[in-house]
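Chemist: Going line by line, the protein sequences match chains A and B. All residue numbers for the first sequence refer to numbering that gives the first Met the number 0, where the first residue is 0 and numbers rise by one. All residue numbers for the second sequence refer to numbering that gives the first Met the number 0, where the first residue is 0 and numbers rise by one.
Among the hints, erroneous ones may be present.
Stated by the list, open to error - The list that follows gives simulated cross-link-like pairs (lysine to aspartate or glutamate, EDC-like), each with its CA atoms no further than 16 Å apart: (1) K222(A) to E245(A); (2) K112(B) to E184(A); (3) K280(B) to D213(B); (4) K259(B) to E244(B); (5) K174(B) to E140(B); (6) K112(B) to E245(A); (7) K191(B) to E245(A); (8) K288(B) to E234(B); (9) K191(B) to D213(B); (10) K262(B) to E243(B); (11) K174(B) to D228(B); (12) K288(B) to E244(B); (13) K174(B) to D158(B); (14) K92(B) to E184(A); (15) K109(B) to E37(A).
Unchecked claim - Here are the in silico distance ranges between beta carbons for each label pair: (16) T72(B) to M91(A): 23 to 31 Å; (17) P68(B) to I327(A): 33 to 41 Å; (18) A216(B) to L334(A): 31 to 39 Å; (19) T218(B) to L334(A): 37 to 45 Å; (20) N192(B) to R36(A): 35 to 43 Å; (21) L53(A) to Q139(B): 47 to 55 Å; (22) A101(B) to L53(A): 50 to 58 Å; (23) A166(A) to A226(B): 42 to 50 Å; (24) R36(A) to E140(B): 32 to 40 Å; (25) V157(A) to T218(B): 52 to 60 Å.
Keep in mind that the hints were calculated from the coordinates and are not lab data. Using N, Cα and C, we set each Cβ at its ideal position, and we do this for glycine too.
These are the residues of each chain, in order.
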Amino acid sequence: MMALLKKYLFSVPALGIALLICTAGALFFGAFGTGIREIGQAFYALGYSEEPDLSSYLILHIRLPRILLAGLTGAGLAVAGAAIQGLFRNPMADPSLIGVTGGAMLFAVGSIVLMGALSSHLTGFLQQASIAVFAFAGGLATTYAVYFLSRYQGRTQVMTMLLAGIAITALTGAVAGFFIYISNEQQLRDITFWSLGSFSGSDWPGFLIAGPVIIAGFVVLIKAARPLNALLLGEKEAVSMGFRVERIKTRIILVTALIVGVCISISGIIGFVGLVIPHFLRLIRGTDYRYLMKASALLGAVFLILTDTLARTIIAPAELPIGILTAIVGAPFFLWLLIRSRQDRLTL
Amino acid sequence: MKKSVINGLIGIVIMASVFSCREQIGDRPVETKPSGPRIISLSGMLTEVLYDLGYGPDIVGVDATSTFPGSVTDIPNLGHISRLNAEGILSVKPDIIFLESAQGLPDPVKQAKNAGVKVISIPATHYLNNAVTAAAVIAQELQTDPGLLKNLALTVSNDSLRLNQALMGMAFSPKVLFIYARGAGRLMAAGKNTPAAAIIEKAGGQNAIHSFEDYRALTPESLVEAAPDIILMFETGLASLDGEEGLRQIPGIAQTPAFKNGKIIAMDGQYLTAFGPRAAKAATELALKLRGE
């Protein structure tokens, strides 16, 4: 069975088809009952630029951008995770190690608390937008700090970077803790919800901002697959194979921070995807970054589209935070796989 | 890669639309609507007001804070205001959404607005006639029978008169500490400008905390310094501590005059601090309890 899984089910084309099916399928599910007819009507209205009725509007302007954003975020987080694992040559690494998550969290929490203090009459839109912008800026700023600390004589020392990342994450956690302490009840609730993640605010402008960044980042990371394979052998070996390791490291750090920063600013913090999706594929097909990058993106997208569909339908008309579901759905499955692979005498 | 996915998806669905749907457009079954407008209320206070104005049967969705009257539990609950879902809102096919303006305009509400649902933000205050002011806005929006609005105003002013009588018999103004509890690990004291402080003052007490606004974590030292004559809590809050015995375990509580004299008051949260139609009644009840009756 494992062999079959390896060969067909998790090949890149198969995952691509799965993503197509999930995207189209997710369009049918939601609190608002819609069948093939409503969906047909919606795209018919789009094609003939008719004024959409309620169900068409819902499908085209609420459900579709949300599904696409969930897919993009899943792809972005999983690819970023794979790249960081390659960079640190450690399958247990995840993007939070370079400080991007901690920084985004700190700035978002800070903006929730301080914006409220600056002006309680700030409109909801400004507040929402400022959280996203601050989260993104925070992610980049802390990543830069970590990167700067780990540069020595023109080289990036991965070990120093790991430790600096842990220290900076602890620091941002402490400052965020202070903000949480001085927050009021309302802000505390906003912070809690934000840190559990949600796609509930998704719309087309959000998609148009995030889409190009994530897709461009994805292209850059795919190109880094061969050097990452070489890095598996060691840095010196990769250099002697003709790869410009320093430039590639810088590029990966920058692009990962961009992708993860954008993802967090769209949806809040969604754990589990960046760490587990690449790891899962690694268990099944082994470590070849040419495969791992593409497959992680596809599987990450499938995974988040499915869990988000669950999040918005399971207790409809209300909705669950997606961060809860990613772990509830993903963790048991991952554990099962771990036990299986132990029986099959596969190594991690 | 992503682009081809989107193109493919659009292709599939357009094909489906051409084959299965084109001739069917226009003959959709007509929705059976109740007589009035389909209303969503995203505030417990506004839900109460809507019920008093006779719109109970027209409410098709409420938020998590809408807990009164009891029949509200039959209405689909859309969740907490900061965790709404645009689809969930649209799935109950609302015509109009009421919310408090302090809540801003959450993204999902904005999306519903873009989909053509009317959204009305109503400012709320900590005055006893808050419900009447809100009711006036609603009545204007829904062209309510003025008689119903008058009835509500009359009820509130009668309750206010009763409150004044209760306050007249009050010899002094006790220091009241409001504690918001969600289990022993999360205790917050109400500072200035909170709904709890407002209702305490309306009921003739004085808020025990003067040093900060909003809610802050309760510390043993601040408890002793505040030295409240009376401790006020929500019923759910006291229950989360396993009652008064659990309250005693909180460091500093047992040393307060309130606890020594057994003056712990617990009341329903929505009733006490929502400043809805029952605010004056709640203030009267609290005033009588502060007097020790």
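Chemist: The structure should be examined with respect to each hint, and the outcome stated for every one.
Modeler: Status of each hint after checking the structure:
no.	hint	in the structure
1	K222(A) to E245(A)	15 Å, holds
2	K112(B) to E184(A)	27 Å, violated
3	K280(B) to D213(B)	24 Å, violated
4	K259(B) to E244(B)	13 Å, holds
5	K174(B) to E140(B)	42 Å, violated
6	K112(B) to E245(A)	51 Å, violated
7	K191(B) to E245(A)	57 Å, violated
8	K288(B) to E234(B)	15 Å, holds
9	K191(B) to D213(B)	6 Å, holds
10	K262(B) to E243(B)	10 Å, holds
11	K174(B) to D228(B)	5 Å, holds
12	K288(B) to E244(B)	21 Å, violated
13	K174(B) to D158(B)	24 Å, violated
14	K92(B) to E184(A)	31 Å, violated
15	K109(B) to E37(A)	23 Å, violated
16	T72(B) to M91(A): 23 to 31 Å	47 Å, violated
17	P68(B) to I327(A): 33 to 41 Å	35 Å, holds
18	A216(B) to L334(A): 31 to 39 Å	37 Å, holds
19	T218(B) to L334(A): 37 to 45 Å	42 Å, holds
20	N192(B) to R36(A): 35 to 43 Å	53 Å, violated
21	L53(A) to Q139(B): 47 to 55 Å	26 Å, violated
22	A101(B) to L53(A): 50 to 58 Å	29 Å, violated
23	A166(A) to A226(B): 42 to 50 Å	44 Å, holds
24	R36(A) to E140(B): 32 to 40 Å	34 Å, holds
25	V157(A) to T218(B): 52 to 60 Å	44 Å, violated
Of the numbered hints stated above, those contradicted by the structure are hints 2, 3, 5, 6, 7, 12, 13, 14, 15, 16, 20, 21, 22, 25, listed in ascending order.
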